[in-house]
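Asker: Chains as they are written, first to last, in the working numbering: chain A, 668 to 761; chain B, 69 to 589; chain C, 582 to 734; chain D, 263 to 378; chain E, 949 to 1065.
To be clear, the hints were calculated from the coordinates, so they are not data collected in a lab. Do not take every clue at face value.
As the list claims (entries may be wrong) - In silico lysine-lysine, PhoX-like type, Cα no more than 25 Å apart, as pairs:
| no. | chain 1 | residue 1 | chain 2 | residue 2 |
| --- | --- | --- | --- | --- |
| 1 | E | K1064 | A | K670 |
| 2 | D | K339 | B | K517 |
| 3 | B | K517 | E | K1064 |
| 4 | E | K1059 | E | K980 |
| 5 | E | K975 | A | K670 |
| 6 | D | K302 | B | K376 |
| 7 | B | K532 | D | K303 |
| 8 | D | K343 | E | K980 |
| 9 | B | K461 | B | K532 |
| 10 | B | K532 | B | K517 |
| 11 | D | K299 | B | K535 |
| 12 | B | K517 | B | K461 |
| 13 | D | K343 | B | K459 |
| 14 | B | K535 | B | K461 |
| 15 | A | K670 | D | K303 |
| 16 | E | K1059 | B | K376 |
| 17 | B | K532 | B | K459 |
| 18 | B | K532 | B | K376 |
| 19 | E | K1064 | D | K339 |
| 20 | B | K517 | D | K343 |
| 21 | E | K975 | E | K1059 |
| 22 | B | K100 | B | K539 |
| 23 | D | K302 | B | K459 |
| 24 | B | K532 | B | K452 |
| 25 | E | K980 | A | K670 |
Claimed, not checked - Looking from chain B toward chain C, a few residues come up when the C-beta cut is under 8 Å (computed):
| no. | residue |
| --- | --- |
| 26 | A82 |
| 27 | L93 |
| 28 | L134 |
| 29 | A136 |
| 30 | T137 |
| 31 | I468 |
| 32 | W565 |
What the hints assert, rightly or not - To be clear about the criterion: a stretch of chain E counts as covered by chain A if any three or more of its residues have a C-beta under 8 Å from a C-beta of chain A, and this derived list gives those stretches:
| no. | stretch |
| --- | --- |
| 33 | 954-968 |
| 34 | 978-988 |
| 35 | 1001-1009 |
All values derive from a computational prediction rather than experimental measurement. For glycine and all other residues, C-beta sits at the position ideal for the given N, C-alpha and C.
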Amino acid sequence: MRKVVGLILLLVLVGFLVWGVVALIHPFGYPSPSEMDDYIIDNAQAETSNNNVVASVVFDYRGFDTLGEATILFTAVTGVLLLLRTAKRKEDES
Amino acid sequence: MASLLAQAPILIIAIPLVAAFLTPLIGMRGDKARKALVVGSLAFTAFLVFALARDISITGIRVYTLGATAPGLTEPTGFMFPVRIILEVDGMSIFFGIIWAIVSLAAAIYSFSHIASETGQIRFFTLLLLMVAGGFGMMLTGDLFNLFVFLEIASIAGGALIGFRNRFGDTQEGAFKYIVVSAVAGLMVLLGTGILYAQYNSLNMAFLAQAIQYTTLDKIALALFLIAFAMKTGMVPLHLWFPDAYSVAPASITGMLVITSHACMYAAFRVCFTLYGGVIDGLVVGWIIIILGLLTMFVGVTMAVYQKDVMRFMSYHAISQLGYMWVGVGVGLAVLGTPALLAYGRDAMTGGIFHILNHAMYKPLLFFTGGALFYYTGTRDLAKMGGLAHKMKWTTVLYIIGTLSISGIPPLNGFSSKILIYESVFRFNPILTIVGIIVSILTLASFTKAFHSAFMGAELPEYKGGKEVPKSMIIGMVILAAGIVLITLFPSLIVSWALHPAADALIDHGAYINAVMGAVP
Amino acid sequence: MLSKIVRTTANQLIVFILIFGLYVIAHGQLTPGGGFQGGAVIVSGVVMLLVAFNAKELKKSLRESGLSIMESTGALIFAALAFAGIATTFFYNVLVGTPIFGHVPPTGANPGDVWTGGVVPLMNWAVGIKVVAGLSAVVLAMALFSSGEEMEE
Amino acid sequence: MTFIFESGYTFWNPLIWIIVFLVVAIMVYFFRRSGQKGYKKDTDQARIFLSGEEVPEAGERHIRVGNIYWGFFETLKEYYKQMLRIHTGIVNDYMLWFVAVTVVSAIILVVAGLVR
Amino acid sequence: MDYMPLNFPFLAAALLIGIAFFIIIFKRNLIKLIMGIAMMASGVNLFLVALGYRVGGNAPIYTNVPPGPMVLPVPQALTLTSIVISVAVLALMLTMVIRIYRHTGSLDSEKSRRMKG
Chain A
668 MRKVVGLILL
678 LVLVGFLVWG
688 VVALIHPFGY
698 PSPSEMDDYI
708 IDNAQAETSN
718 NNVVASVVFD
728 YRGFDTLGEA
738 TILFTAVTGV
748 LLLLRTAKRK
758 EDES
Chain B
69 MASLLAQAPI
79 LIIAIPLVAA
89 FLTPLIGMRG
99 DKARKALVVG
109 SLAFTAFLVF
119 ALARDISITG
129 IRVYTLGATA
139 PGLTEPTGFM
149 FPVRIILEVD
159 GMSIFFGIIW
169 AIVSLAAAIY
179 SFSHIASETG
189 QIRFFTLLLL
199 MVAGGFGMML
209 TGDLFNLFVF
219 LEIASIAGGA
229 LIGFRNRFGD
239 TQEGAFKYIV
249 VSAVAGLMVL
259 LGTGILYAQY
269 NSLNMAFLAQ
279 AIQYTTLDKI
289 ALALFLIAFA
299 MKTGMVPLHL
309 WFPDAYSVAP
319 ASITGMLVIT
329 SHACMYAAFR
339 VCFTLYGGVI
349 DGLVVGWIII
359 ILGLLTMFVG
369 VTMAVYQKDV
379 MRFMSYHAIS
389 QLGYMWVGVG
399 VGLAVLGTPA
409 LLAYGRDAMT
419 GGIFHILNHA
429 MYKPLLFFTG
439 GALFYYTGTR
449 DLAKMGGLAH
459 KMKWTTVLYI
469 IGTLSISGIP
479 PLNGFSSKIL
489 IYESVFRFNP
499 ILTIVGIIVS
509 ILTLASFTKA
519 FHSAFMGAEL
529 PEYKGGKEVP
539 KSMIIGMVIL
549 AAGIVLITLF
559 PSLIVSWALH
569 PAADALIDHG
579 AYINAVMGAV
589 P
Chain C
582 MLSKIVRTTA
592 NQLIVFILIF
602 GLYVIAHGQL
612 TPGGGFQGGA
622 VIVSGVVMLL
632 VAFNAKELKK
642 SLRESGLSIM
652 ESTGALIFAA
662 LAFAGIATTF
672 FYNVLVGTPI
682 FGHVPPTGAN
692 PGDVWTGGVV
702 PLMNWAVGIK
712 VVAGLSAVVL
722 AMALFSSGEE
732 MEE
Chain D
263 MTFIFESGYT
273 FWNPLIWIIV
283 FLVVAIMVYF
293 FRRSGQKGYK
303 KDTDQARIFL
313 SGEEVPEAGE
323 RHIRVGNIYW
333 GFFETLKEYY
343 KQMLRIHTGI
353 VNDYMLWFVA
363 VTVVSAIILV
373 VAGLVR
Chain E
949 MDYMPLNFPF
959 LAAALLIGIA
969 FFIIIFKRNL
979 IKLIMGIAMM
989 ASGVNLFLVA
999 LGYRVGGNAP
1009 IYTNVPPGPM
1019 VLPVPQALTL
1029 TSIVISVAVL
1039 ALMLTMVIRI
1049 YRHTGSLDSE
1059 KSRRMKG
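Okay, chain A solo, but in the shape it has when bound (with noise of 0.2 Å):
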């Protein structure tokens, strides 16, 4: 029951994506608007004295995001070393 339920619902969901990916997205090799990346393609020299572009973008325009990226490693290898701390209890105080 469970195994037919799901079958038919992944094939429906794998229907949708693909259907989505043939007929309805741009075809490969030709993103349709490309306003923004042309710009930073243009101008990433000028504005952020930098060769590599994608450099750019993930430490100039989009900082942001990558200090969000350090942020989730640096939270995930706390959470690791937090996980697999040996447990031992302090004494009770109270």
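On the provided structure of chain A, position chains B, C, D and E as indicated by the hints.
Answerer: Using the frame of chain A, we list chains B, C, D and E on its own:
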């Protein structure tokens, strides 16, 4: 002061973040320094939030462009699209920001003694601050991908904190379920973002709201966004992880998780009202939200009556209360296209948003009292408790305040928001109101049951020796109870100062677009 | 602990991995790469050491509290560089036009100049430090835990 | 500083309720005080009287959580059976529900777009 | 290639996401579940990075670049961010699974479950 206020949107996010990075360094210097850092940074953030809220009520929507030559310069000179990440703060975002500032401060103070006997406290507070930063980021950002990043920060920090008491097996199970759910939800949000980016080549919400066409791909993306955020919120067929994760976390974290779930609700509203605001088929999406919201109310409360674990019981109540907000705002969405009913829609939305504020005050309070019970008895099983009112006077009083408030007993604040929802929703469809009243009755009944089994009765021999919980836990609870009393006394002031601006900010998506896409200053 | 040949080879190889990783970090503004990628390269060297020796041996030279401090420092440097521009806006690239990493390259294809990029190379270094410390702490902690070793708090 | 809260149809004033509560509380206090004189601690007067039966210990006297609202659960037995069948606690099922709701709402959205 | 029939890279991403959902729904082993989530992250990343491709484009780096159009840089930056995020999530999930295994001695999502209802 003026320059501080000009930088306020970013500082609200950056200060908890930097404090979190500093905690491992300063935390080694001892308990005092760590506590001072945590409370100081959170209090300063709360101050900035209030100052910004006041400023926004005077000057309107605030934008902050990261990395531009001026904060207001949202688009490069001579072009009509934003390139950089833009923080955009309107009435709705700052409303959630105020809630988050208060609750996170209370939770931090509460956890000082709640987890005092555990190891790993430095990392606990680091993660707590990171969670605060993630929540603020979700509320203030105006960029879809940035929203995803901060959603992930909040969920990863929350997931690690749920598993904090790692000597118990069930905490790890709850944390794993939470992190799986949030990973999948986050990836679906990212997929939706990618679909929108493919069509309109932008990630800025205001630009997308202006350009959006409501093509079939947009509809698929809307379904992905809506259901992913609804799953993170705990809407009913997707609520199954919710009690598992919430019941095992330390109580202070549970209180904060409630607000992160509200933040996800904010994101869902933002997507429905602002991003798709001009094109959305309000009736269909509104009815999807209303039906799921009714299910949420009913299933949540009936499952809650059944529970025997105190935190699990309260988590199911949290689910049930979230249903009220979905219904209130869903009605507002459903009547968005019909001008005859729009006034009722606005009232329903105001009620739903008012309920968010109330819920954000009393639900963490109730979770904190549940944590106090756990602290005192060492168990979450209600069947093992009894007669605790003899020893825990403060906790009892605060629990009563929370109970009366959540069940909508006048004159407490839960009543004002519920009556606002009932009256306006009745005009839309009377059945919704009837279900709401039944749920309210069941809520009162189940809280009476929990109150009787935990606090009433003769003093049990196994709990004779204990003392009331430490002071910092009581302070944390009293902060939230004070909020409840304040809202109780001045409901009309809260409505006109905070709630109508928030509801109007949702309805008026044109102003949100204009703040970014309008004339360059 | 694996055989002597493996250990000796790993000991020699780690130098090259380190140099390659540092190269990737240092040229983030000119060539594909950057802090995250270079950091990951260096951590792969740490994983190689972890396989060649065991976690207990490695724990002697890589202390977890030290890694924690290093990671915090990297994150703080990154945040401080972002804060540096707060006089205009957060994340404003303050170093463009100054002698330190501030040369503006000519528009279009050019051979590349290391002294370009503004704050980007510095951010790359900060992220590199962070990634190296963070990921090695994770790998080390997992290896220690699964070999049943006690970990320091 | 107005206490009156208008909700569209009606208005209500929390202050009135608070005054009513205060009055009731004062009355309760007076009633309680009037009986306080005759009350003596640690005499037979303060002990529980159960028709002369043996009074059980504190732990057994307390009605535990499992026994409250028995009739309610007995009436809704079928409903709770179904509900507990859904709440399996397995992560995989959670994800199946997510897929189900996403697919259904996507179908509703697309079909509604075609009909209109 | 000038024109790619059926958008094969996008199709691959969609199928990857579908397979990942299959694994997440039907495989009871927790490690396999994590692999499913990793696969889903890869699918989304592939979708994102494929969005930015332009026919005959170079990598958007001006150092000694041959003349011609450049592919879009923003999707690449997004993918970079999202890869690191998925790594972080995976590390945390694996830690929790290690812990669950220590406590219950089982990796089956049904046998290791303690909470229901």
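Asker: If a hint holds in the structure, say so; if it does not, say that too.
Answerer: Going through the hints against the structure:
1. E/K1064 <-> A/K670: The hint holds at about 21 Å.
2. D/K339 <-> B/K517: Given pair D/K339, B/K517 holds - Cα atoms ~19 Å apart, limit 25 Å.
3. B/K517 <-> E/K1064: Holds: B/K517 and E/K1064 sit about 21 Å apart, inside 25 Å.
4. E/K1059 <-> E/K980: holds (15 Å)
5. E/K975 <-> A/K670: Judged against 25 Å, a Cα distance of about 11 Å means the pair holds.
6. D/K302 <-> B/K376: violated (38 Å)
7. B/K532 <-> D/K303: holds (19 Å)
8. D/K343 <-> E/K980: violated (31 Å)
9. B/K461 <-> B/K532: Cα-Cα ~14 Å, so holds.
10. B/K532 <-> B/K517: holds (22 Å)
11. D/K299 <-> B/K535: Violated - the C-alpha atoms of B/K535 and D/K299 are around 30 Å apart, more than 25 Å.
12. B/K517 <-> B/K461: Given pair B/K517, B/K461 holds - Cα atoms ~19 Å apart, limit 25 Å.
13. D/K343 <-> B/K459: Violated, at about 38 Å.
14. B/K535 <-> B/K461: holds (10 Å)
15. A/K670 <-> D/K303: The hint is violated at about 68 Å.
16. E/K1059 <-> B/K376: With Cα atoms ~22 Å apart, E/K1059 and B/K376 stay inside 25 Å; holds.
17. B/K532 <-> B/K459: holds (8 Å)
18. B/K532 <-> B/K376: holds (23 Å)
19. E/K1064 <-> D/K339: holds (18 Å)
20. B/K517 <-> D/K343: holds (21 Å)
21. E/K975 <-> E/K1059: holds (13 Å)
22. B/K100 <-> B/K539: holds (16 Å)
23. D/K302 <-> B/K459: holds (22 Å)
24. B/K532 <-> B/K452: Satisfied, since the Cα-Cα distance of roughly 14 Å is no more than 25 Å.
25. E/K980 <-> A/K670: Holds, at roughly 18 Å.
26. A82: Since chain C brings a Cβ to about 7 Å from B/A82, closer than 8 Å, the hint holds.
27. L93: holds (5 Å)
28. L134: holds (5 Å)
29. A136: holds (6 Å)
30. T137: Constraint on B/T137 satisfied, holds at 6 Å.
31. I468: Result: violated, 40 Å to nearest chain C Cβ.
32. W565: Status violated, d = 29 Å.
33. 954-968: holds (count 11)
34. 978-988: violated (count 0)
35. 1001-1009: n = 6 at 8 Å, threshold three: holds.
Violated hints, listed in ascending order, are 6, 8, 11, 13, 15, 31, 32 and 34; each of the other numbered hints is respected by the structure.
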